[in-house]
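2 protein chains.
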Amino acid sequence: MNFIPERMAPLKARRMGIDTHHEPTLYLRAESPVCRSEGFESLSRILASSDGDKSIVASLNIITSDLIADDEVGFSEAAWRRLGIEPDAPVWLSHPKPVQSLSHVRSKVYGHTLNQDQFREIISDIIAGQYAEVHLAAFITACGDEKLSDEEITALTQAMVESGSRIDWQIPVVLDKHCVGGLPGNRTTPIVISILTACGITIPKTSSRAITSPAGTADTMETLTEVSLSLEEMRQVVNDVGGCLAWGGSVKLSPADDLIIQVERALDIDSEGQLIASVLSKKIAAGATHVLIDIPVGPTAKVRSQQAAEKLATSFRTVAEQLNLKCRVLFTDGSQPVGRGIGPALEARDILAVLQNHPDAPSDLRERAAVIAGEMLEMVQEIGKGEGVKIAMKMLESGAAWNKFMAICAAQGGMKTPPIAPYRFALISKHPGYVSNIDNRKLSKVAKLAGAPADPAAGVEMHVHLQQEVTAGTALLTIHAESVGELNYAVDYLNEHQDIVTLSHKSL
Amino acid sequence: MNFIPERMAPLKARRMGIDTHHEPTLYLRAESPVCRSEGFESLSRILASSDGDKSIVASLNIITSDLIADDEVGFSEAAWRRLGIEPDAPVWLSHPKPVQSLSHVRSKVYGHTLNQDQFREIISDIIAGQYAEVHLAAFITACGDEKLSDEEITALTQAMVESGSRIDWQIPVVLDKHCVGGLPGNRTTPIVISILTACGITIPKTSSRAITSPAGTADTMETLTEVSLSLEEMRQVVNDVGGCLAWGGSVKLSPADDLIIQVERALDIDSEGQLIASVLSKKIAAGATHVLIDIPVGPTAKVRSQQAAEKLATSFRTVAEQLNLKCRVLFTDGSQPVGRGIGPALEARDILAVLQNHPDAPSDLRERAAVIAGEMLEMVQEIGKGEGVKIAMKMLESGAAWNKFMAICAAQGGMKTPPIAPYRFALISKHPGYVSNIDNRKLSKVAKLAGAPADPAAGVEMHVHLQQEVTAGTALLTIHAESVGELNYAVDYLNEHQDIVTLSHKSL
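Protein sequence lines correspond, in order, to chains A and B.
So the first sequence is residues 1 to 508, counted in the working numbering.
So the second sequence is residues 1 to 508, counted in the working numbering.
Chain A on its own, in the form it takes in the complex (with noise of 0.2 Å):
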């Protein structure tokens, strides 16, 4: 009864035109003959092989109107882009091994501790695109809170460093920095990079964009300059200006990150250990030596305690030591949203008040970004305590780091204008009184209902700080849109919370 069947007569490739973000979907006629054949129903994973040596695994939708012929399989933009073939290319479909790190991801909902192949087998089954999205979404779960140890935090970012390229700068020291997010407006990296490179320091930096907040700094820099540079592009501003300020994921440091941040984004969770994984793999991919961990701490911040900050602080030291990275972390106060604008442009505004030198630029970040330029200088120089932000805010007032920003972006490809939304609304307080506290979090909810931080110009922009006296028909917060539908979008939610702004009748 043994039996050995013939190899499948294979579809003509037709590309659908229909964009699935990244999960890669095959489309195929419900009378298909390779349906029957195969067994293959809606939601079916399928390995697609072309005549050369490529294959994808891909989700499956059935076609029951005549959007395409029996003998043809429909592909979606990822899936497309993934085998690379031409159109009307043979294609092959079978079904795809199981995958097997999938129950290494059981163990860990199970509650059991994964080791560095188990880590390394997930991370590489990921990149390869065997993991749909439901399954990446399990796999963050599982690892949410805090239910990765130190130990199993230091493999899994092992194993996304070596699943994607390294970068070797082939100098002996390079410093980074990263901002463990939940603050808005936050934006000091662009400062700190302008004042390090202004100093002298080689500093090539990488940044992420927006994994639960209105912007990353590579949204930020994106209104600015050009921020897709391939890896022979970063090194070339990197000789000719000494710094950098570019998008991570152009050059595919620590790709499965990627994957694994866009789940991330739809769940709005982003746990403990992915977070330290995420942060460190891309520093180490990225070539660093030394790295400062800012972590602003606040009610509304996303670290809400000292204590929380702490046991987090000791996680990214202990990580980072067992990959040979030298970290240092800085507590910085997170009760309320730092500079005026949250959202990409409105963040870039805010840069460019401070780098400049303009009499309203906001003195917060200004601050800021000068303390931890300041402490990473004494992290790689050998200058006293509090000497660092000093030689910081020297830079700033001078000039020097306005024009070492200029030059970066001038290498990178040009320096734009930020963009400017088109639809706007005013929160007006109706009684005069005190703002005594502002809530981050619904804070950033509003920028991104907004629009932020896909839309660039879109986003909040602060009128008023902690403490500040205000009267009557002050206007406390203007929400900026690309889009009438974002625009009311947040000012329905604002409307439903009027916690976001709390005015108190005294002084505190």
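Incorrect hints may appear among the rest.
One copy or two, it doesn't matter: identical chains are merged, so the pair holds either way.
Claimed, not checked - Mimicking SDA-like on lysine to any residue, the simulated pairs with C-alpha atoms at most 20 Å apart in a straight line are:
{"id": "1", "residue 1": "147", "residue 2": "103"}
{"id": "2", "residue 1": "147", "residue 2": "107"}
{"id": "3", "residue 1": "326", "residue 2": "431"}
Derived by calculation from the structure, the hints in this document are not laboratory data.
Assemble chain B onto chain A, guided by the hints.
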């Protein structure tokens, strides 16, 4: 600067004929004015409203080809069904409100305890289609392992009961049973129900389809008769013949469960809390007053140790008591498959053999069914300990159970003959020996890879049992498949896992 927009012009509804399974999906041209004005992009969640009062939430795919026109919105089959409109009907698109209950899911990820109201909101949003598949995956994973307390399981069960219809049979005692899967081929329910109805007990049985196993009772019964009965049809059958064997899903009992199960299947995760809530919510909604839980225990069964079985039993009893359900738990041998067939039609054949008193009928299946029926009799009748199983055996031997089974099938729409698979592969022993181990999990996997339960004739036929002596050249098992691709897939897996049936040289 206050801004009140006009309602957008509607788009024309277009049924795409794309089956995305349960996940509703909408399709819009990249050039559609709605995309620009509302800031929609691929995977955005969208609220689509019809001229009437109906609306659905769906995920968006952006069309970059000419599959649809700029003023059209395409609907997947699930989206089309849910909104229930005519072709070219006007549809308005907007941003859905943020799904508040997702914050409860995140709270669970972070290890917090959820209360009754929070579970109610989650289940209500799931039923309303507010959760994308990644959200369901996160909820399932967050509740995985032992992350739900008995109080939380009770609250989840209650929320699931309230979410659907609930049957009142208007009789004082409604018996029910459930087997906590994990044991291939363990299909006692149709036999047990036949025995009990033959004893004059009214037993309106609803069963589910497989979650992670190769067959559920509903899948197996579907190869023998109609199982998709409306509530009215079920009542009629029970009135006519005293019992039924229907699929629970068709009467909308605990509808959230069906959506959760779909994603559990993709993840192959079936958590303890979700398991108890799923089982007990369906039993309560189906009107049960007494329920017997059968827990097979064995090293490769779903429950692997006596300790785990007792923990699960305690949770079942605690939750059932909170919900006023009488519950008895029975531990059974879970060391090897039951009967010969694994898969809907193959299991149906075993059931027929037992009921027909066929000399070759699998005696293990027969005895198991009698023990379970006996325990259930003792729950509701004034008979001595051990009397139940004797009565049950008599019902089988006399043919009374077989007569009842035929009557039930006739009442449900007529009896069918289970299908036979066209493609087969036999695993032959290479040397003589004794069967020392059978891996239930891997055996289930083989049956699923062969196509079960979606292909009813697919599965595995076992020819040996534990400790049986075999000669070289003995057929140990036969894989049955409805397609060549699936047969190959199962055979590949079999070849890669030589330990599915282990032969040792000595008797145990």
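Hint-by-hint comparison with the structure:
{"no.": "1", "hint": "147 with 103", "result": "both (17 Å within a copy, 19 Å between copies)"}
{"no.": "2", "hint": "147 with 107", "result": "both (12 Å within a copy, 14 Å between copies)"}
{"no.": "3", "hint": "326 with 431", "result": "neither (51 Å within a copy, 60 Å between copies)"}
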